[in-house]
Amino acid sequence: MKRFLVGVMAGCLGVTANAADPVGTASVNGSGQAPATISAPAPAPTAPAPMITSVTPTAPTASIMSGAPAIPTTQLMGDSSSRGFLESDHAFDNFVGPSSNPVLSKDPRSLTEARILFIDNNIPNSNPLGGGNFQVYAMQIRLALTDRLTLIADKDGIASISAKGAPHETGFLNLAAGLKYTFYRDVENQTLAAAGFMFEPQTGESKVFQGQGDGIFTFFATYGQEFWCKNHIIVNGGYIVPVDSNQNSSLFYTQLHLDRQVNEWLYPLMEVNWYHWLAGGNRGLPPALGEGDGLLNLGTSGVAGNDLVSMALGFKVKISPHAETGVVYEFPLTSRKDLLDSRIQAELILRY
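Mapping of the sequence shown onto the working numbering: residues 1 to 352, in sequence order.
Quick caveat, the hints were computed from the structure, so don't treat them as lab data. Among the hints, a few may not be true.
[Unchecked claim] Pair by pair, the computed Cβ-Cβ distance ranges are:
1. 84 <-> 287: 44 to 54 angstroms
2. 230 <-> 307: 17 to 27 angstroms
3. 139 <-> 272: 18 to 28 angstroms
4. 272 <-> 87: 28 to 38 angstroms
5. 246 <-> 172: 19 to 29 angstroms
6. 246 <-> 135: 27 to 37 angstroms
Virtual Cβ for every residue (Gly too), placed ideally from N, Cα, C.
Kindly produce the complete structure, drawing on both the sequences and the hints.
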(Lines of atoms letter the chains of each structure in order from A and count residues from 1; the text may use other names and numbers.)
(Lines give C-alpha, C1' and ligand atoms only; values in the text may rest on other atoms or scores of the structure.)
Protein backbone atom coordinates (compact mmCIF):
# COMPACT_ATOMS: atom_id res chain seq x y z
CA MET A 1 0.00 0.00 0.00
CA LYS A 2 2.85 2.36 0.87
CA ARG A 3 4.53 1.68 -2.46
CA PHE A 4 1.30 2.41 -4.30
CA LEU A 5 0.79 5.76 -2.55
CA VAL A 6 4.37 6.77 -3.20
CA GLY A 7 3.99 5.93 -6.88
CA VAL A 8 0.83 8.00 -7.17
CA MET A 9 2.42 11.02 -5.49
CA ALA A 10 5.53 10.73 -7.62
CA GLY A 11 3.49 10.57 -10.79
CA CYS A 12 1.54 13.72 -9.84
CA LEU A 13 4.72 15.62 -9.12
CA GLY A 14 6.58 14.27 -12.17
CA VAL A 15 9.29 12.76 -9.97
CA THR A 16 10.73 9.30 -10.37
CA ALA A 17 11.82 7.29 -7.36
CA ASN A 18 15.17 5.60 -7.69
CA ALA A 19 17.33 3.22 -5.83
CA ALA A 20 18.48 5.95 -3.53
CA ASP A 21 14.94 6.49 -2.24
CA PRO A 22 14.45 5.10 1.24
CA VAL A 23 10.96 3.92 0.32
CA GLY A 24 11.87 1.46 -2.42
CA THR A 25 13.93 0.82 -5.54
CA ALA A 26 11.21 0.55 -8.23
CA SER A 27 10.45 3.70 -10.27
CA VAL A 28 6.82 4.27 -11.12
CA ASN A 29 5.28 6.77 -13.54
CA GLY A 30 1.88 8.28 -13.43
CA SER A 31 0.30 5.41 -15.36
CA GLY A 32 1.59 2.83 -13.00
CA GLN A 33 3.87 1.38 -15.63
CA ALA A 34 7.48 0.72 -14.79
CA PRO A 35 9.68 2.91 -17.06
CA ALA A 36 12.79 1.71 -18.78
CA THR A 37 15.79 1.76 -16.59
CA ILE A 38 17.98 4.88 -17.13
CA SER A 39 21.64 4.19 -16.67
CA ALA A 40 24.05 6.81 -15.28
CA PRO A 41 26.27 8.36 -17.99
CA ALA A 42 29.61 6.70 -18.42
CA PRO A 43 32.51 8.76 -17.13
CA ALA A 44 34.40 10.69 -19.82
CA PRO A 45 37.68 9.10 -20.82
CA THR A 46 40.68 10.68 -19.20
CA ALA A 47 42.82 12.65 -21.67
CA PRO A 48 46.45 11.65 -21.69
CA ALA A 49 48.78 14.05 -19.91
CA PRO A 50 50.64 16.28 -22.37
CA MET A 51 54.32 15.63 -22.81
CA ILE A 52 56.50 18.43 -21.45
CA THR A 53 59.52 19.15 -23.54
CA SER A 54 62.48 21.41 -22.80
CA VAL A 55 62.09 24.93 -24.22
CA THR A 56 65.08 27.19 -24.71
CA PRO A 57 64.23 30.87 -24.06
CA THR A 58 64.97 33.33 -26.83
CA ALA A 59 65.82 37.03 -26.66
CA PRO A 60 64.93 39.24 -24.90
CA THR A 61 66.70 37.73 -21.88
CA ALA A 62 66.63 40.48 -19.25
CA SER A 63 66.78 39.25 -15.67
CA ILE A 64 63.37 39.02 -13.98
CA MET A 65 64.99 39.16 -10.55
CA SER A 66 66.74 42.43 -11.40
CA GLY A 67 63.52 44.07 -12.57
CA ALA A 68 65.27 45.41 -15.67
CA PRO A 69 63.06 45.74 -18.76
CA ALA A 70 63.64 43.27 -21.50
CA ILE A 71 65.27 45.08 -24.43
CA PRO A 72 65.81 43.32 -27.75
CA THR A 73 69.41 42.89 -28.77
CA THR A 74 68.78 44.84 -31.98
CA GLN A 75 67.73 47.86 -29.93
CA LEU A 76 70.82 47.68 -27.72
CA MET A 77 73.07 47.55 -30.76
CA GLY A 78 71.09 50.12 -32.74
CA ASP A 79 70.02 47.55 -35.37
CA SER A 80 72.58 48.65 -37.93
CA SER A 81 71.33 45.99 -40.36
CA SER A 82 68.18 48.02 -41.07
CA ARG A 83 70.08 51.27 -41.63
CA GLY A 84 69.85 52.84 -45.07
CA PHE A 85 72.84 54.00 -47.10
CA LEU A 86 74.32 57.11 -45.42
CA GLU A 87 71.34 57.25 -43.04
CA SER A 88 71.79 59.02 -39.71
CA ASP A 89 71.98 57.06 -36.47
CA HIS A 90 68.39 57.41 -35.17
CA ALA A 91 68.99 55.59 -31.88
CA PHE A 92 69.59 58.96 -30.17
CA ASP A 93 66.85 61.10 -31.71
CA ASN A 94 65.99 62.84 -28.42
CA PHE A 95 69.34 64.67 -28.55
CA VAL A 96 70.04 68.04 -30.17
CA GLY A 97 73.57 69.07 -31.09
CA PRO A 98 75.61 72.04 -29.83
CA SER A 99 74.88 75.47 -31.33
CA SER A 100 77.58 78.03 -30.50
CA ASN A 101 81.20 77.67 -31.58
CA PRO A 102 79.81 75.96 -34.70
CA VAL A 103 83.13 75.09 -36.36
CA LEU A 104 84.74 73.41 -33.34
CA SER A 105 81.89 71.98 -31.23
CA LYS A 106 80.80 68.52 -32.39
CA ASP A 107 77.71 66.36 -32.04
CA PRO A 108 78.82 62.87 -30.86
CA ARG A 109 76.19 61.15 -33.02
CA SER A 110 76.83 59.86 -36.53
CA LEU A 111 74.58 62.03 -38.72
CA THR A 112 73.91 62.80 -42.36
CA GLU A 113 72.79 66.41 -42.56
CA ALA A 114 73.19 69.86 -44.03
CA ARG A 115 73.45 72.65 -41.46
CA ILE A 116 72.81 76.15 -42.80
CA LEU A 117 74.30 78.90 -40.60
CA PHE A 118 73.95 82.65 -40.25
CA ILE A 119 76.15 84.51 -37.74
CA ASP A 120 75.98 88.21 -36.87
CA ASN A 121 78.95 89.23 -34.68
CA ASN A 122 79.40 92.66 -33.08
CA ILE A 123 83.02 93.79 -32.61
CA PRO A 124 83.87 95.68 -29.36
CA ASN A 125 84.46 99.41 -29.79
CA SER A 126 87.69 99.03 -27.79
CA ASN A 127 89.16 96.73 -30.44
CA PRO A 128 91.76 98.25 -32.83
CA LEU A 129 89.24 97.62 -35.63
CA GLY A 130 87.12 100.36 -34.00
CA GLY A 131 83.97 98.33 -33.54
CA GLY A 132 81.51 97.35 -36.22
CA ASN A 133 80.37 93.85 -37.09
CA PHE A 134 80.81 90.91 -39.40
CA GLN A 135 78.45 88.31 -40.80
CA VAL A 136 79.06 84.72 -41.82
CA TYR A 137 76.93 82.68 -44.24
CA ALA A 138 77.85 79.00 -44.33
CA MET A 139 76.63 75.45 -44.79
CA GLN A 140 78.16 72.49 -42.99
CA ILE A 141 77.89 68.99 -44.49
CA ARG A 142 78.09 65.71 -42.53
CA LEU A 143 77.83 62.20 -44.01
CA ALA A 144 77.25 59.16 -41.78
CA LEU A 145 79.36 56.53 -43.52
CA THR A 146 78.35 54.03 -40.80
CA ASP A 147 76.50 54.34 -37.50
CA ARG A 148 79.88 55.26 -36.00
CA LEU A 149 82.03 56.88 -38.71
CA THR A 150 81.16 60.35 -40.06
CA LEU A 151 82.75 62.51 -42.73
CA ILE A 152 82.55 66.15 -41.61
CA ALA A 153 82.97 69.36 -43.60
CA ASP A 154 82.43 71.92 -40.85
CA LYS A 155 83.98 75.11 -42.21
CA ASP A 156 83.19 76.95 -45.42
CA GLY A 157 81.16 79.94 -46.48
CA ILE A 158 81.43 83.69 -46.92
CA ALA A 159 82.36 86.38 -44.39
CA SER A 160 81.40 90.04 -44.70
CA ILE A 161 83.38 92.39 -42.42
CA SER A 162 82.18 95.95 -41.73
CA ALA A 163 84.67 97.38 -39.25
CA LYS A 164 84.72 101.08 -38.45
CA GLY A 165 88.50 101.21 -38.62
CA ALA A 166 88.88 99.25 -41.89
CA PRO A 167 87.21 99.11 -45.30
CA HIS A 168 84.24 96.83 -45.81
CA GLU A 169 85.36 93.46 -47.17
CA THR A 170 83.63 90.27 -48.29
CA GLY A 171 85.40 87.02 -49.08
CA PHE A 172 85.55 83.26 -48.78
CA LEU A 173 86.46 81.49 -45.55
CA ASN A 174 88.89 78.59 -45.41
CA LEU A 175 87.53 75.10 -45.97
CA ALA A 176 87.92 72.45 -43.26
CA ALA A 177 87.03 68.74 -43.33
CA GLY A 178 87.83 65.57 -41.42
CA LEU A 179 86.53 62.39 -39.83
CA LYS A 180 84.69 61.66 -36.59
CA TYR A 181 84.37 58.20 -35.02
CA THR A 182 81.80 57.32 -32.33
CA PHE A 183 83.87 54.87 -30.31
CA TYR A 184 81.36 54.48 -27.44
CA ARG A 185 77.67 53.94 -28.20
CA ASP A 186 75.26 52.77 -25.46
CA VAL A 187 71.69 52.97 -26.74
CA GLU A 188 70.08 51.58 -23.58
CA ASN A 189 71.59 54.31 -21.38
CA GLN A 190 71.57 56.99 -24.12
CA THR A 191 75.29 57.66 -23.78
CA LEU A 192 77.90 58.06 -26.51
CA ALA A 193 81.35 59.48 -27.15
CA ALA A 194 83.32 60.33 -30.28
CA ALA A 195 86.72 61.61 -31.34
CA GLY A 196 88.22 62.83 -34.58
CA PHE A 197 90.22 65.42 -36.45
CA MET A 198 89.86 68.19 -39.04
CA PHE A 199 92.34 69.77 -41.40
CA GLU A 200 91.88 73.36 -42.55
CA PRO A 201 93.90 74.18 -45.68
CA GLN A 202 94.39 77.86 -46.35
CA THR A 203 91.86 78.19 -49.17
CA GLY A 204 90.20 81.43 -48.05
CA GLU A 205 90.87 85.08 -48.84
CA SER A 206 93.25 87.32 -46.91
CA LYS A 207 90.85 90.29 -46.99
CA VAL A 208 88.69 88.42 -44.46
CA PHE A 209 91.68 87.21 -42.38
CA GLN A 210 91.96 83.84 -44.13
CA GLY A 211 94.48 82.12 -46.37
CA GLN A 212 97.71 82.56 -44.38
CA GLY A 213 99.97 79.70 -43.30
CA ASP A 214 100.19 76.07 -44.39
CA GLY A 215 97.08 74.71 -42.74
CA ILE A 216 95.63 74.00 -39.30
CA PHE A 217 94.94 70.66 -37.60
CA THR A 218 92.17 70.27 -35.02
CA PHE A 219 91.97 67.19 -32.79
CA PHE A 220 88.78 66.83 -30.76
CA ALA A 221 86.67 64.60 -28.52
CA THR A 222 83.00 64.87 -27.56
CA TYR A 223 80.73 63.11 -25.05
CA GLY A 224 76.93 63.12 -24.77
CA GLN A 225 74.45 61.67 -22.29
CA GLU A 226 70.75 61.85 -21.47
CA PHE A 227 70.04 62.23 -17.74
CA TRP A 228 67.00 62.73 -15.51
CA CYS A 229 64.70 61.57 -18.30
CA LYS A 230 64.75 64.44 -20.83
CA ASN A 231 67.88 66.45 -20.01
CA HIS A 232 71.04 66.23 -22.10
CA ILE A 233 74.67 67.15 -21.61
CA ILE A 234 77.32 67.34 -24.35
CA VAL A 235 80.95 68.13 -23.54
CA ASN A 236 83.47 69.10 -26.22
CA GLY A 237 87.20 69.57 -26.03
CA GLY A 238 89.95 70.00 -28.58
CA TYR A 239 93.40 71.19 -29.52
CA ILE A 240 94.27 73.37 -32.53
CA VAL A 241 97.82 73.27 -33.87
CA PRO A 242 99.01 75.10 -37.01
CA VAL A 243 101.48 73.66 -39.49
CA ASP A 244 103.24 77.04 -39.58
CA SER A 245 103.28 78.48 -36.06
CA ASN A 246 104.42 81.87 -37.37
CA GLN A 247 101.21 82.36 -39.33
CA ASN A 248 98.53 80.93 -37.03
CA SER A 249 97.90 80.58 -33.31
CA SER A 250 97.53 77.37 -31.30
CA LEU A 251 94.87 76.93 -28.62
CA PHE A 252 92.90 74.57 -26.42
CA TYR A 253 89.11 74.88 -26.27
CA THR A 254 86.21 73.26 -24.47
CA GLN A 255 82.44 73.60 -24.40
CA LEU A 256 79.66 72.55 -22.02
CA HIS A 257 76.19 72.16 -23.56
CA LEU A 258 73.01 71.60 -21.51
CA ASP A 259 69.48 71.30 -22.85
CA ARG A 260 66.04 70.25 -21.66
CA GLN A 261 63.43 68.57 -23.87
CA VAL A 262 60.29 70.45 -22.79
CA ASN A 263 58.01 68.61 -25.22
CA GLU A 264 58.33 66.78 -28.52
CA TRP A 265 59.72 69.83 -30.34
CA LEU A 266 61.15 72.50 -27.97
CA TYR A 267 64.66 72.43 -26.40
CA PRO A 268 65.86 75.42 -24.34
CA LEU A 269 69.65 75.30 -24.07
CA MET A 270 72.68 76.88 -22.43
CA GLU A 271 76.33 76.64 -23.48
CA VAL A 272 79.63 77.84 -22.01
CA ASN A 273 82.75 78.10 -24.20
CA TRP A 274 86.34 78.46 -23.02
CA TYR A 275 89.31 79.26 -25.28
CA HIS A 276 92.87 79.18 -23.94
CA TRP A 277 95.64 80.28 -26.31
CA LEU A 278 98.88 78.35 -26.04
CA ALA A 279 100.91 80.36 -28.55
CA GLY A 280 100.35 83.23 -30.95
CA GLY A 281 101.60 83.78 -34.46
CA ASN A 282 104.31 86.14 -35.62
CA ARG A 283 102.56 88.18 -38.29
CA GLY A 284 103.04 91.55 -36.66
CA LEU A 285 99.38 91.95 -35.68
CA PRO A 286 98.97 93.91 -32.42
CA PRO A 287 98.03 91.85 -29.32
CA ALA A 288 95.10 94.20 -28.67
CA LEU A 289 93.43 92.84 -31.80
CA GLY A 290 92.92 89.55 -30.01
CA GLU A 291 91.96 86.33 -31.70
CA GLY A 292 88.91 85.02 -33.50
CA ASP A 293 87.85 82.11 -31.24
CA GLY A 294 86.54 79.22 -33.36
CA LEU A 295 85.71 81.23 -36.49
CA LEU A 296 88.95 83.01 -37.40
CA ASN A 297 92.57 82.18 -36.60
CA LEU A 298 94.40 85.47 -37.05
CA GLY A 299 97.89 84.49 -35.92
CA THR A 300 98.04 87.50 -33.59
CA SER A 301 101.28 88.05 -31.68
CA GLY A 302 101.46 87.90 -27.89
CA VAL A 303 98.24 86.02 -27.18
CA ALA A 304 99.84 83.06 -25.35
CA GLY A 305 98.12 82.57 -21.99
CA ASN A 306 95.02 84.56 -22.92
CA ASP A 307 91.59 83.20 -21.97
CA LEU A 308 88.17 83.97 -23.40
CA VAL A 309 85.00 82.55 -21.82
CA SER A 310 81.58 83.07 -23.38
CA MET A 311 78.00 81.96 -22.71
CA ALA A 312 75.27 81.21 -25.24
CA LEU A 313 71.55 81.07 -24.42
CA GLY A 314 68.84 79.99 -26.81
CA PHE A 315 66.68 77.17 -28.02
CA LYS A 316 66.21 74.58 -30.72
CA VAL A 317 62.97 73.49 -32.37
CA LYS A 318 62.37 70.14 -34.08
CA ILE A 319 60.14 70.98 -37.03
CA SER A 320 59.96 67.32 -38.07
CA PRO A 321 62.09 64.17 -37.66
CA HIS A 322 64.21 65.50 -40.55
CA ALA A 323 64.30 69.26 -39.89
CA GLU A 324 65.53 71.32 -36.95
CA THR A 325 66.12 75.01 -36.35
CA GLY A 326 67.49 77.15 -33.54
CA VAL A 327 68.76 80.52 -32.36
CA VAL A 328 71.35 81.42 -29.70
CA TYR A 329 72.66 84.69 -28.30
CA GLU A 330 76.32 84.61 -27.22
CA PHE A 331 78.26 87.09 -25.07
CA PRO A 332 81.62 87.12 -23.23
CA LEU A 333 81.87 86.36 -19.51
CA THR A 334 85.49 87.50 -19.20
CA SER A 335 86.79 91.06 -19.37
CA ARG A 336 88.76 89.97 -22.44
CA LYS A 337 86.48 90.07 -25.48
CA ASP A 338 88.81 89.96 -28.51
CA LEU A 339 86.43 90.16 -31.51
CA LEU A 340 83.33 89.09 -29.54
CA ASP A 341 81.13 91.82 -28.09
CA SER A 342 77.93 89.88 -28.79
CA ARG A 343 76.81 87.35 -31.36
CA ILE A 344 73.53 86.01 -32.72
CA GLN A 345 73.53 82.69 -34.54
CA ALA A 346 70.63 81.10 -36.42
CA GLU A 347 70.65 77.66 -37.99
CA LEU A 348 68.53 75.28 -40.04
CA ILE A 349 69.37 71.57 -40.14
CA LEU A 350 68.07 69.18 -42.80
CA ARG A 351 68.77 65.59 -41.72
CA TYR A 352 68.46 62.18 -43.35
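Evaluation of the provided hints:
no. : hint                            : verdict
1   : 84 <-> 287: 44 to 54 angstroms  : holds (51 angstroms)
2   : 230 <-> 307: 17 to 27 angstroms : violated (33 angstroms)
3   : 139 <-> 272: 18 to 28 angstroms : holds (26 angstroms)
4   : 272 <-> 87: 28 to 38 angstroms  : holds (33 angstroms)
5   : 246 <-> 172: 19 to 29 angstroms : holds (23 angstroms)
6   : 246 <-> 135: 27 to 37 angstroms : holds (29 angstroms)
Violated hints amount to a single one, hint 2; each of the other numbered hints is respected by the structure.
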